[in-house]
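Those protein sequences? They're chains A and B, same order as listed.
Residues in the first sequence are numbered consecutively from -5, following this note's numbering.
Residues in the second sequence are numbered consecutively from -5, following this note's numbering.
Be careful, since some hints might not be right.
Put simply, identical chains are the same to the list, so a pair is met inside one copy or across any two.
Said to hold, decoys possible - Think about it this way: if two alpha-carbon atoms lie no more than 30 Å apart in a straight line, the pair counts; the simulated DSS-like pairs of lysine-lysine are: (1) Lys(-4) / Lys234; (2) Lys99 / Lys347; (3) Lys71 / Lys160; (4) Lys258 / Lys161; (5) Lys99 / Lys160; (6) Lys7 / Lys234; (7) Lys298 / Lys99.
Keep in mind the hints are simulated off the structure, nothing from the lab.
Residues per chain, in single letters:
Protein chains: 2
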Amino acid sequence: MKVALLGFGTVGKGAAGIIDQGRDKDTAGLEIVRILKRTPADDPRITLDYQDIEACDVELVAECMGGLEPAHTYVRKALEAGRHVVTANKKMLAEHYMELAELAKEKNVRLLFEATAGGGIPWMAALRRVRRIDDVESFRGILNGTTNYILSAMTDEGLDFGEMLKKAQELGYAEADPTDDIDGYDVRYKTVLSAVAAFDAAVRPATVPALGIRHISAADIAWGKENNRIVKLIAAGEKKDGRLSLYVMPQFLHDSDVMARIGKNFNGVEAVSTTLGPSTYIGQGAGSLPTGHAMVQDMLTIAKGEEVTAYEASAAEVDNSGVEKCFYIRTARPEVFAAVRAENAGADAFVTKRMGLNDLLALIEKAADPELFAAVVAD
Amino acid sequence: MKVALLGFGTVGKGAAGIIDQGRDKDTAGLEIVRILKRTPADDPRITLDYQDIEACDVELVAECMGGLEPAHTYVRKALEAGRHVVTANKKMLAEHYMELAELAKEKNVRLLFEATAGGGIPWMAALRRVRRIDDVESFRGILNGTTNYILSAMTDEGLDFGEMLKKAQELGYAEADPTDDIDGYDVRYKTVLSAVAAFDAAVRPATVPALGIRHISAADIAWGKENNRIVKLIAAGEKKDGRLSLYVMPQFLHDSDVMARIGKNFNGVEAVSTTLGPSTYIGQGAGSLPTGHAMVQDMLTIAKGEEVTAYEASAAEVDNSGVEKCFYIRTARPEVFAAVRAENAGADAFVTKRMGLNDLLALIEKAADPELFAAVVAD
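So that you can see chain A by itself, here it is in the shape it has in the complex (with noise of 0.2 Å):
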């Protein structure tokens, strides 16, 4: 099958290098015929002008520019030509994902997107694969390898939020401007699609609660610590008596689970569904040859012909009013926090009675506290 490549950076690279030198696998039913790239390059593939990609003879169409614009508009138009999409591009898809779905089925054509959560982890293919006999009841995961190597590295070696992104960025793991990764917006469009391949949910990325790492400081990891618990920044989602529940939070997981122990900057993942109960998939969460290997696990999957279960997602809403919990907070404003405050977790912090998410959500709107941390103390 012809695929025409948008973006060539860190994944596309990955990508069209595994096709390119994929000649005994069966990526050797692949073969990439044009690349949109920003700058001119070596490769005679490569094109600056996307009238090239449309004028060009492909099926599929393979997405990794990254950003809404024009991402949005050159996936739109590959799929109103009939082209197959694969997107590696969680922000543009999590952004307008019903209306892409919506076209794809209108034209008969797929749309794939192992690549935009969890790297190299065949997370949507888990997904997939599961629905065919169960229904997923939750799912809960590590999907950004910046902060877990930041929060991995400042639980073993007791370094301070600060050093640590800095060694992060000095490494490449972290972006000049971090962010998207560490205010959770990143985890956030990766959990809006791991809901659409969960439970056929489509939800506004905006609606998912979403809270980061930004304010943790070393005297959080040592609570955890203190009590058996290694914090992680979490993705939740579960559907549980008709209610959709999606948020984005620092979770102290206990430390006898096995997410818990997932370091460095790796990712992890766990569905719970009806008959196979919790199943786990951990790897690479990032870079050039796992997530490229995730795009072209898609092209396959398309150029092979296969059935792919789920994904008729429908547009949702989501209600977290089902999700209580225990939360850790460390805020100069405590006294906002007096009526559900519980017991006292060091210097500044303490943590709550079991309590509804929004209730504590709308009580963190209240103290306006810019440093405000909230974490949940994991059942």
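Since the structure of chain A is provided, determine the placement of chain B on it from the hints.
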């Protein structure tokens, strides 16, 4: 697709229940029309006579009787009759893999075995998928829930092996005769079938060295703790420099290794492949529904006519001559190991210098100490 089920124990009941109740899932395309059982039961599909299975109109036979015979004969007959076969019978398949695979190829039918290793973990499916793109370089895993339950509890609660085995038997995790589990034979069969799926290599089970956990003591666990290590019974396979290494042994893993943290009776297994690097899969390694789920997944793969990458295995020989490790040994015959002893590890135990696995196995045979405990000290 119409299916006949051979065996109606724990796994068979799980698979039948999933299909009988799965009317709104992909499983709606499957129908169990006949079930072979040893004792009468109420279900009108049940027969005690294999002739009824031969006579019935099915395209697929699913075998979960266990044991070598008559399972082997029945599977042969099914393949000879041009029926696809799905089996959960690790021992039978590991002993007869090449014979049955060649017969399946000759008859142009499928022989799938997801349920033989890792229970509900999609281990064989993960290997098939990754091999669409990658070569698998190595695998390692915890593939026996009984021994993992015992080792996890010894680690967490400090109990001795005998007490834990008794508790595991009371809970139904261990058989009355636990030999297959605790001496590593069960894992050996699973290692053989993992090598088929990972490397296209079919070896005779008896040629895979298997050392179990029968003689592990609380002192061994304690040595691990002092050295930040946790012991697990590990199936290991690697293809390197033209050599296929396969062995089953306890390993003292670093406590930072996520595999060391797979607790209770869970299983977990990791593949390392060309572009994906390490990918790990964790889940229920046994049980009626998870293992039944695995069997039904194979049935669906066949019913959907999906292309299955790999499994064109050839007969192969185990060659552990490239495996060099440090080993932990506890024995009443330390003098046999004098030349390789590197440092003491408590009263009767020591760690060897780095040495070949084959050399170690020769010394163990020479020592002829029925109480000897040996484990890899992971790099």
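Legend entry - Identical-chain pair category, lysine 99 with lysine 347, by Cα at 30 Å: For lysine 99 and lysine 347, neither the intra-copy (47 Å) nor the inter-copy (62 Å) Cα distance is at most 30 Å.
Legend entry - Same-copy or cross-copy closeness of lysine 298 to lysine 99 [CA-CA at most 30 Å]: Answer is both; intra-copy 18 Å and inter-copy 21 Å each pass.
Inset, instruction - Can you give me the call for lysine 71 and lysine 160, within, between, both or neither, at a CA distance of at most 30 Å? - result: Neither: 40 Å inside a copy, 65 Å across copies.
Legend entry - Same-copy or cross-copy closeness of lysine 7 to lysine 234 [CA-CA at most 30 Å]: between (41 Å within a copy, 27 Å between copies)
Legend entry - Up to 30 Å CA-CA - lysine 161 versus lysine 258, copy category: Within one copy only: 13 Å inside a chain, 36 Å across chains, cut-off 30 Å.
Inset, instruction - Since the copies are identical, ignore which copy is meant and state whether lysine 99 and lysine 160 lie within 30 Å (CA to CA) inside a copy, between copies, both or neither. - result: Neither: 45 Å inside a copy, 57 Å across copies.
Inset, instruction - Check lysine -4 against lysine 234 for me: Cα-Cα at most 30 Å, and say if that holds within a copy, between copies, both or neither. - result: Cα proximity of lysine -4 and lysine 234: none, with 43 Å in one copy and 34 Å across.
Hint check: violations occur at hints 1, 2, 3, 5; the rest are consistent with the structure.
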